Amino acid sequence: MADVVIEGLTCRYGDVTAVVGLNLSIADGEFLTLLGPSGCGKSTTLAALAGLDVPHAGSVRVGGELYFDAASGRNLPPEQRSCGLVFQSYALWPHMTVAGNCEFPLKLRRVATAARAARVKEALKLVEMDDFADRYPHQLSGGQQQRVALARTLVYRPQVLLLDEPLSNLDARLRERSRVWLSQVTRQVGLTTVYVTHDQSEALALSDRIAVMNRGRVSQLGTPQEIYDHPADPFVADFIGSSNFLKGHIRGTADGGRYAVELPGGQRLMALSGKTFAADTAVLVALRPERLDLHAARPAGDGQNLVQARITGRSYLGARTLYLADVGGTALRIESDLSFNSGEVWVGIPEASCVLFPAEGSDLS
Amino acid sequence: MTTAAPASGIAPRWPVDRGTVLQWSTALFTLVLVFAPLVPVILQSLMRAPLYDGIGVFTADNYVRLFSSQTLREAVGNSMVFAFMTTLLAMLIGAGAAIAVGRTDIPGGKFIGELLLWPLYLSQLVMAFGFSIMYGPSGYLTLGVQAATGQTPWNLYTLGGMAVVAAICEAPLTFLYCLNSTRMADPALEDAARVSGAGSLRTLWSITLPLMRPALVYSAMLNFTIALELLSVPLIFGGPVGIHFLSTFLYDEGIGASTPDYGMVGAAAVALLGIVTLLVWLQGRLLSNIGRFVTVKGKASRPRRFPMGWLRWPLALLLAVYVILGVLAPLAGLALRAVTSFLTPLVPVWEVWTVAHLKMIVSYPTYVRSILNSIGIALFGGALATLLVALVAIISQRSPFRYARTLEFVALYPRAVPGLVVGLGFLWAMIVFPFLGGLHNTIAILVLAFTMRYLPTGLGAVAPALLQIHPELDRAARTAGADWWTTSWAISLRLLKPALVSAFAVLFICFFKDYATAVFLFAPGSEVIGTTLLSFWIQGDAGPVAALAMLQVLLTFAFVYGVRFLFGVRVYG
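Protein sequences appear in the order of chains A and B. Just so you know, numbering that gives the first Met the number 0 puts 331 at position 332 of the first sequence, and the rest follows in order with no gaps. Just so you know, numbering that gives the first Met the number 0 puts 270 at position 271 of the second sequence, and the rest follows in order with no gaps.
Hints are computed from structural coordinates only; laboratory data are not their basis. If you're wondering where the values come from, they're calculated on a predicted model, not measured in any experiment. One should not assume that every hint holds.
Claimed, not checked - Under 8 Å between C-beta atoms, here's a sample of chain A residues computed to sit facing chain B:
#1 L23
#2 P77
#3 P93
Claimed, not checked - What the simulated footprint calls covered on chain B by chain A, stretch by stretch (three residues with Cβ under 8 Å from a Cβ of chain A suffice, anywhere in the stretch; the number is not a length):
#4 476-482
#5 488-500
For each residue, glycine too, the CB sits at the ideal point set by N, CA and C.
With the sequences and hints as input, model every part of the structure.
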């Protein structure tokens, strides 16, 4: 097993710079997720780790061995690295059986026939596919193919496990089950794992740490909890769970990082923040729909802001309902498990759930 | 810096990366193969004295004489008019038949479509012989109609007559491209027109035909270039009445003349090369915005067929008559001529029945040699060419080779080189380049020339299939520990096998039926069927020529339908 150290990684495709000076160090045995929208550079980073694309600058080191270094011109070809990569399309070789797929990497490593059979069996057992050894990939369902792809990767005991959106081709139900299963298997083998996804719920459920990427850079690196509760910028706040954004100005400060924010409609919110803001700074207030409360009548307000709103639309989600409410000209999305008819309501906004960002320089102003 | 292998990575086994070695050697071989014949042609066009006298003084004199020669201006004019008429006719026949067979409910469409393709498998030389025997001035059907009506019904020894023959030979290409295009059409587009209120014919005209435009443009260009470089029809029908073409000029001057004017031949070859290169470039430009390869979407639905109502039967009859008169009659003429001492409607066939021609082609050494050479070249040369095609395809599309795109461009360039120019080029290359000199009068030079000429054809059969193989399959093998060559061998080429079988089948047919490339290169001992047919026809031995042509036809059909039966692979799928 090994740790991964990426320094100053830069990848370009023609005029497009996909990854810009990325620094990342992943501890031995850690499960790290690269999370971001398509085109943010997460898959490029993975390909650079595996040696499938040649980066333009920076270095990649795994377990103390230098895989890539632009300065010295060293670039280990993929087959000489020790990475296991599970592809989005699974990339099972269609002309080989399940066992044949798993056996191929061992043949390349000149593993003796008897040992080969035993290791293939062991790997297939791990992913609960040992009954399907003689099938061909096209005879398997998507979920089964994904398991075989993982077995094919684990069978040669790589130092790092790389997963490129392995669940994205599965339907919603299967994806959820596979997530739990994948989590168990990766904990069991204890490999250093880099997981690439654009699905925030996968990232939150699986990872030790998440690196949220945007435009080729890491926007925030932290545990799932840190990223969800304390997003570093409006992009992260919006990408991890969705957020409402309200424009406002700081109008006063109180003790313990409490700020009064005035909204364009004249309403005031109290917000808690670890950051410091000067008076009259333009800010964005990020509010998560699931952290807001709806009330038919004005409740007793302790520790939360109350604003009046009018319901303008609704969409039924099953367990809850998502309401669209108008607050002084700004539309807010609010989730609630109570049922409301359209009309005047009160919205409760807990002070601790207001996340403040300076409005200047943010993507979502 | 550490060189020890990490825990599960694989240490390199070869001191030099074998993938790089293979990529460079394939690229260099292809480069030499493609340019070796072109360089001497261009050199010769710039020199007055023959190349074998050594590199002399460069001059533009040949071109000046070329463009001021009345005969050559006429020849270029004839070539252009002939190519234009041929293209027009071939497009009308091919596109019409494709819509009728592919998109309407006429009875027996599939069967007629199969017969329509036949001229594609056969050499245009053989088809021309068949037409001459049936429809020539003393042809079987010509005399028959003459006897019944008292008038000469047609004259093939005109530009128009030749265009009809050439068009029938080339129509299958248009037919094939348009048929594929109609099959890939999205039926929803037509349904949308119907729902918007367009009738059957209106939909056909406003939706179906415009959607076929890429296929129409592509096949029109192809037809034009083929007609421009065509030798057989102009030589057989134009030669006797003194109508000259660019191709027949090259042939007559390059081979027939006692003191050939090498400079003029070189200049004419470069002129032909230039025109065809321009056309191929134009074709690329016209299709550039359409996408180089249209991939079939994995849709189960097939376009609906337009109901033709009472027109079904007359349409089917029209196509049947075309197939009988245009495809089957010439072949029947060849078959009859092969077993008769002479062929005329005035004498019943059984009275002139003979097996002498058949006996002759299996006993006369030149005939036997050319048959064996043709089979050998098609079989082994085809296999070698398929190997080169596979390497070029995999290197240009699936390798980190720096000059991958250049390699592809070079390998596709022979599309723009007419067969006659290829032959002439290799002939002169053996004089200019000492390393080729030893191949003089061997079938090896034929294999090289055919491989060069048909490299793009082979690539065309493989490239679309390679695009369908997901690149992640390669990348998976690389991360699993395979180097580039192991990946190509164990994954990409293995998955490409069906496409390689069809590439081999197409190359076999091309090598087997070729005559134009070979006319300059064959020598006693290295004859092929095509060259033997041509030289004996010119001597007037129509009987044995018909027998040999028939043998070529039968062997071709045995191969085409054998491959389909054994491997399920369609030649020109």
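Hints versus structure:
no. : hint    : verdict
1   : L23     : violated (19 Å)
2   : P77     : holds (4 Å)
3   : P93     : holds (7 Å)
4   : 476-482 : holds (count 7)
5   : 488-500 : holds (count 4)
Checked against the numbered hints given earlier, the structure breaks only hint 1 and satisfies all the rest.
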